[in-house]
Amino acid sequence: MKEAVERYNRYRSPEATARLIEVRDEEIMVEFSGSFCKTCGIYDWVEDLAYELNELYPEIVAEIANWRQASEDRVIAEFRLKKNSE
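Numbering (my numbering), first residue to last: 740 to 825.
These aren't lab readings, by the way, just hints derived from the structure by calculation.
Glycine is no exception: its CB is placed at the ideal position from the N, C-alpha and C atoms.
Heads up, a few of these hints could be off.
When the alpha-carbon atoms are kept at most 20 Å apart in a straight line, the in silico EDC-like pairs for lysine to aspartate or glutamate are as follows [stated by the list, open to error]:
1) K741 / E766
2) K777 / E794
3) K821 / E794
4) K741 / D764
5) K821 / E754
6) K777 / E825
7) K821 / E802
8) K821 / E765
9) K777 / E742
10) K741 / E786
11) K822 / E754
12) K777 / E798
13) K777 / E811
14) K822 / E794
15) K822 / E766
16) K777 / D812
17) K741 / E765
Quick list of simulated restraints, FRET-style, between CB atoms [stated by the list, open to error]:
18) K822 / E754: 31 to 39 Å
19) D764 / E742: 15 to 23 Å
20) E825 / S774: 34 to 42 Å
21) S752 / S824: 14 to 22 Å
22) S824 / S774: 31 to 39 Å
23) R746 / M768: 27 to 35 Å
24) E825 / E765: 28 to 36 Å
25) P753 / K821: 28 to 36 Å
26) A809 / E742: 32 to 40 Å
27) K777 / P797: 18 to 26 Å
28) P753 / Q808: 30 to 38 Å
29) E802 / E742: 14 to 22 Å
30) E794 / E761: 29 to 37 Å
Construct the complete structure from the given sequences, taking the supplied hints into account.
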């Protein structure tokens, strides 16, 4: 999971920076911060991490389970991880 977060940050920081908060069996929690929080496409920035996870780990499917704006420049997102059935 760390590799996906590092890759996300490599291409999106400083506008959006991800920080892994917690890893559970079937979920991860990530904090996103940066100026992207002031745009109308917040969901797209968060969803980009799911694409990185799915590309790096083809055995899983990552989906946004929940997200909330924690402050003006921070978003907390939970991603559900499922085994890829393909």
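Going back to the hint list, which numbers does this structure go against? 2, 5, 6, 9, 11, 12, 21, 23, 24, 26, 27, 28 and 30
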